[in-house]
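Those sequence lines, one after another, are chains A, B, C and D.
Taken in order, the first sequence gives residues 1 to 162; the numbers are from UniProt numbering.
Taken in order, the second sequence gives residues 1 to 162; the numbers are from UniProt numbering.
Taken in order, the third sequence gives residues 1 to 162; the numbers are from UniProt numbering.
Taken in order, the fourth sequence gives residues 1 to 162; the numbers are from UniProt numbering.
It is possible that some hints are incorrect.
Identical copies go unnamed one by one, so any copy, or any two together, can satisfy a pair.
[Stated by the list, open to error] Straight line, CA to CA, 30 Å or less: simulated DSBU-like cross-link-like pairs of lysine-lysine:
(1) Lys10 <-> Lys45
(2) Lys65 <-> Lys86
(3) Lys45 <-> Lys5
(4) Lys5 <-> Lys65
(5) Lys153 <-> Lys5
(6) Lys112 <-> Lys153
(7) Lys45 <-> Lys96
(8) Lys45 <-> Lys112
Derived from the structure by calculation, the hints contain no laboratory data.
4 protein chains.
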Amino acid sequence: MANSKYEYVKREFEFQRHLPASNWIVVRIDGCHFHRFSELHAFEKPNDENALRLMNACATHMLEKFPDIVFAYGVSDEYSFVFREKTEFYKRRESKILSLCVSYFTSVYVMKWKDFFPNNDLKEPPYFDGRVVCYPNINTIRDYLAWRQVDCKLLELKSRFS
Amino acid sequence: MANSKYEYVKREFEFQRHLPASNWIVVRIDGCHFHRFSELHAFEKPNDENALRLMNACATHMLEKFPDIVFAYGVSDEYSFVFREKTEFYKRRESKILSLCVSYFTSVYVMKWKDFFPNNDLKEPPYFDGRVVCYPNINTIRDYLAWRQVDCKLLELKSRFS
Amino acid sequence: MANSKYEYVKREFEFQRHLPASNWIVVRIDGCHFHRFSELHAFEKPNDENALRLMNACATHMLEKFPDIVFAYGVSDEYSFVFREKTEFYKRRESKILSLCVSYFTSVYVMKWKDFFPNNDLKEPPYFDGRVVCYPNINTIRDYLAWRQVDCKLLELKSRFS
Amino acid sequence: MANSKYEYVKREFEFQRHLPASNWIVVRIDGCHFHRFSELHAFEKPNDENALRLMNACATHMLEKFPDIVFAYGVSDEYSFVFREKTEFYKRRESKILSLCVSYFTSVYVMKWKDFFPNNDLKEPPYFDGRVVCYPNINTIRDYLAWRQVDCKLLELKSRFS
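Just chain A, with the same shape it has in the complex:
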């Protein structure tokens, strides 16, 4: 809203970062303090099936809500969402893309919780961090996904034998 002498605080301090075109945008979402959260809610180890199904349900809702997401891959309490190379989602503004994705994912996680844990009330608010990364071509995006997949196996082994 304009015409205030205070409005300079937006113009002179608040800067939009736009992500460069022709890059695949990845948003990776990661549970914050989920080790503690999973103990508090008595998740089974190494992987609680209902917790994984809830994560997958959130990802499914993301794909429906944001059709520019063309691929999603999850492991444990993290999920990566790949936007198509040419997406003009929020004009590729980084803060918008990051915050909206993390917020929507979180919102669905809490709303759908009771569908997967009908006898296990939420004891504290689950929340996630996120980051946005750009990959310039199909090779680097493929290697990104391979990296998350390798990490998945390592995490599972670590969790199984510790």
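Chains B, C and D: place on chain A using the hints.
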């Protein structure tokens, strides 16, 4: 997790931005498509008291969860959180601060919904966008808050007479 | 140099930006106030041959000095330098790349001036601005060069008929 | 220049970064490979008086050319330039400020060389790197200058006893 030939995708593409020291960090959170959301849930105009009380409850939880927040100010479906000048919250990493704040706020909003709207089920997931801005001194942070307050009055007038 | 209580001014305020891998890095250099500079030194219009030859000599020195530059294209008082996709020049640090390129170009311009203008002393210091842009693939880098070439023709027409 | 189908390469890839208001902007310029350069031109150790006087002459020209610079401090082959807090020099665009300062400094260095080294021709082009840092208040800018001054003494001691 290290030692994978794919790990370069993190090192060469994923960059941390740290916010400069001695600046007040503001995270502003804003309801996304809340005009539609408020109609869908039959919020009273211009300001639904329960909706405002829910926003305030979320802000209260934010202050308890993140003690480096020293001030919060909200209007309608937005809230600004001011971190103390010297905060080392997540080493002042921008993506961490933005995503965790927006995610936690969203999570509390959904969890507490039924406390304020016991007879009004959530029909779709509410979600918020967010941004991070740095203000270098007490004058600019005060003007930031004045700007939001002026906007609040304008929004109310607009809403009342339209 | 370490161990000073003042050193925090570097750690907490000075941030390195690294350019993302697998992108072609372009540094474009542009004469600052060269309209005035060319009048002051009585350049011929629309294109002073010696001035263009001096620009080309600078570009040649750039290519010899920085072998990671794989292509250079100039028009009037600007020159674009394209670094190879995989360059690790100064670890792809943006400020280093920008400042070193602009500084070296300027230095050669002044040193070589008398070779091209033996009877025309420098009346004031010529100087250039610069910018760094990343292009993620061969199509966008080709279109970048096409853009500069179209601009070149427009500039020449404008200069010829005005 | 507009109206070309190639112009998207600017709009979608070339982003301006503006430095936040109410911060003191520092541009620090540093000789690149000046150890080698000073040997090549037989500078006296630890400090060649003519070389220092040439650096100071460049700084003086900077202050005359860019009146928004309010303070300059140099040691050996580096110089820091502090712009006044409220400067609107090139709308606080980072690339413009960095490249123009480094280029102008370099240009004067080469032009004035023969005034300080009349019998010592330039054997290769001297060039400088640069960086831009923002300091939010008078305390941090004072500590920045103290940091450079401490470094100056350490450099001199190191150079004297090695």
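Hints and how they fare:
1. Lys10 <-> Lys45: Classified as between: cross-chain Cα gap 28 Å, same-chain 48 Å, threshold 30 Å.
2. Lys65 <-> Lys86: Intra 18 Å, inter 37 Å, cutoff 30 Å: intra-copy only.
3. Lys45 <-> Lys5: between (57 Å within a copy, 28 Å between copies)
4. Lys5 <-> Lys65: Neither. Shortest intra-copy (38 Å) and inter-copy (33 Å) distances fail the 30 Å Cα cut-off.
5. Lys153 <-> Lys5: between (56 Å within a copy, 15 Å between copies)
6. Lys112 <-> Lys153: Answer is within: at 27 Å inside a copy they meet the 30 Å cutoff, but 37 Å across does not.
7. Lys45 <-> Lys96: between (35 Å within a copy, 27 Å between copies)
8. Lys45 <-> Lys112: both (21 Å within a copy, 29 Å between copies)
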